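Engineer: The residues making up each chain are set out below.
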Amino acid sequence: MNEEGQWIVLMGLLVAVALFFLALIINQSALVGQTTAEGVLEFPKNDIRDLREAVFDYVDAAGALDPIERVDIEKDIITISLERKNAVVQFGNGTPQDVSGRWLRPVDIHYNNGVTVYNETVYY
Amino acid sequence: MVNDAGQLYTMEGVAAGVIMLLAAYIVVSTTSIYTTGDTHIPDMQLEQLGSDVLAMMDTPDTNGTTSALETFVSTNNGTGFNSTFLSYCNATTRGTLDNLHMSANITYRDANANKINEYPFVAPDNTWTGRESAVRATRWVQLPKLSPKPVGMPGDMRTDPQAVLVEVLLWRA
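One line per chain: the protein sequences are A and B, in this order. Just so you know, my numbering puts 54 at position 54 of the first sequence, and the rest follows in order with no gaps. Just so you know, my numbering puts 1035 at position 35 of the second sequence, and the rest follows in order with no gaps.
In short, the hints are calculated from the structure, not lab data. One or more hints might be untrue.
What the hints assert, rightly or not - Here are the simulated DSS-like pairs of lysine-lysine, each with C-alpha atoms no more than 27 angstroms apart in a straight line:
no.: 1; chain 1: B; residue 1: Lys1145; chain 2: A; residue 2: Lys75
no.: 2; chain 1: B; residue 1: Lys1149; chain 2: B; residue 2: Lys1115
no.: 3; chain 1: B; residue 1: Lys1149; chain 2: A; residue 2: Lys75
no.: 4; chain 1: A; residue 1: Lys75; chain 2: A; residue 2: Lys45
no.: 5; chain 1: B; residue 1: Lys1115; chain 2: B; residue 2: Lys1145
no.: 6; chain 1: B; residue 1: Lys1145; chain 2: A; residue 2: Lys85
no.: 7; chain 1: B; residue 1: Lys1115; chain 2: A; residue 2: Lys75
no.: 8; chain 1: A; residue 1: Lys45; chain 2: A; residue 2: Lys85
no.: 9; chain 1: A; residue 1: Lys85; chain 2: A; residue 2: Lys75
no.: 10; chain 1: A; residue 1: Lys85; chain 2: B; residue 2: Lys1115
As the list claims (entries may be wrong) - Only some residues are given here: those of chain B computed to face chain A with a beta carbon under 7 angstroms:
no.: 11; residue: His1040
no.: 12; residue: Ser1051
no.: 13; residue: Arg1109
no.: 14; residue: Ile1116
no.: 15; residue: Asp1160
no.: 16; residue: Gln1162
no.: 17; residue: Ala1163
As the structure is a computational prediction, the values presented were derived from the model and not from experiment. Quick reminder that beta carbons are idealized off the backbone N, C-alpha and C, glycines included.
Chain A with its partners taken away, still in its complex shape (with noise of 0.2 angstroms):
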């Protein structure tokens, strides 16, 4: 049996096993890419954004409302949430409070659908 040339058999073996390992980095960051873009797809960001905006809109036009429309905005916001957002959603406002000499309202704020959960008391 004629034993020479081995050198060059296993260099050869150990190119191909590093050229693998590159094209498993290649195959695991086009994975990355779709992970992270599903993760910023399910993440409720501009839902939660636009509950707190409805919210501050609330409690700024519920100076001027009597209590049945009140209790009414709040009903809609919170069962079309559930309807078409999934998502319970719960909020109220309290008493002005001094905060640093300026009397402001604690809001609370509370958001989950099932996979982020968002709680947030806000003085506005």
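Here the structure of chain A is known, so what remains is to put chain B in place on it, guided by the hints.
Structural biologist: Below, chain B without anything else, positioned relative to chain A:
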């Protein structure tokens, strides 16, 4: 008798076979995953664009005035909403127009029956086939007291102040 000459050639042959199979598998799987992974990124960007356009339309020109979005919804002006929305999202830095299309629905609550209903605000144009990879962007709008109720709004929608949800489907054609 068993002759053990040429064992190295046999091993080399087996190794080469395995290498070729793995190479073919990795080449095929890499390209196929790459295309599916890529399609989510334009979707994500389109959804963000739609949300940003709605946020822009929901911002009043000056403090205390009503926003364009609120005016379009409270006067049931679907055509005005359609053209403003598309002019915002089709604008590009090159000056040429992009090719985005949209339709919109409005979801409201019928307080008497306590039911959620919706009505079409902007009907889809003739590029809509149902096979588009459309994305959805939504925006809450709080309507003032409607007196009288504009023509075209459903009968069970109340005229008192209320919150409705504007849902826009956005696609590239």
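Engineer: Next step is simple, just say for each hint if it's right about the structure.
Structural biologist: Status of the hints after comparison with the structure:
1. B:Lys1145 with A:Lys75: holds (17 angstroms)
2. B:Lys1149 with B:Lys1115: Roughly 19 angstroms between the alpha carbons, so the hint for B:Lys1149 and B:Lys1115 holds.
3. B:Lys1149 with A:Lys75: Roughly 21 angstroms separates the two Cα atoms, so the pair holds.
4. A:Lys75 with A:Lys45: Holds, at about 22 angstroms.
5. B:Lys1115 with B:Lys1145: holds (20 angstroms)
6. B:Lys1145 with A:Lys85: With Cα atoms ~25 angstroms apart, B:Lys1145 and A:Lys85 stay inside 27 angstroms; holds.
7. B:Lys1115 with A:Lys75: Satisfied, since the Cα-Cα distance of roughly 11 angstroms is no more than 27 angstroms.
8. A:Lys45 with A:Lys85: holds (13 angstroms)
9. A:Lys85 with A:Lys75: Holds - the C-alpha atoms of A:Lys75 and A:Lys85 are around 15 angstroms apart, at most 27 angstroms.
10. A:Lys85 with B:Lys1115: holds (15 angstroms)
11. His1040: Status holds, d = 4 angstroms.
12. Ser1051: Holds, because the Cβ-Cβ distance from B:Ser1051 to chain A comes to roughly 4 angstroms (cut-off 7 angstroms).
13. Arg1109: Holds: closest Cβ of chain A sits about 5 angstroms from B:Arg1109, inside 7 angstroms.
14. Ile1116: holds (4 angstroms)
15. Asp1160: Constraint on B:Asp1160 satisfied, holds at 5 angstroms.
16. Gln1162: The hint holds - B:Gln1162 has a Cβ within 7 angstroms of chain A, the shortest such distance being about 5 angstroms.
17. Ala1163: holds (4 angstroms)
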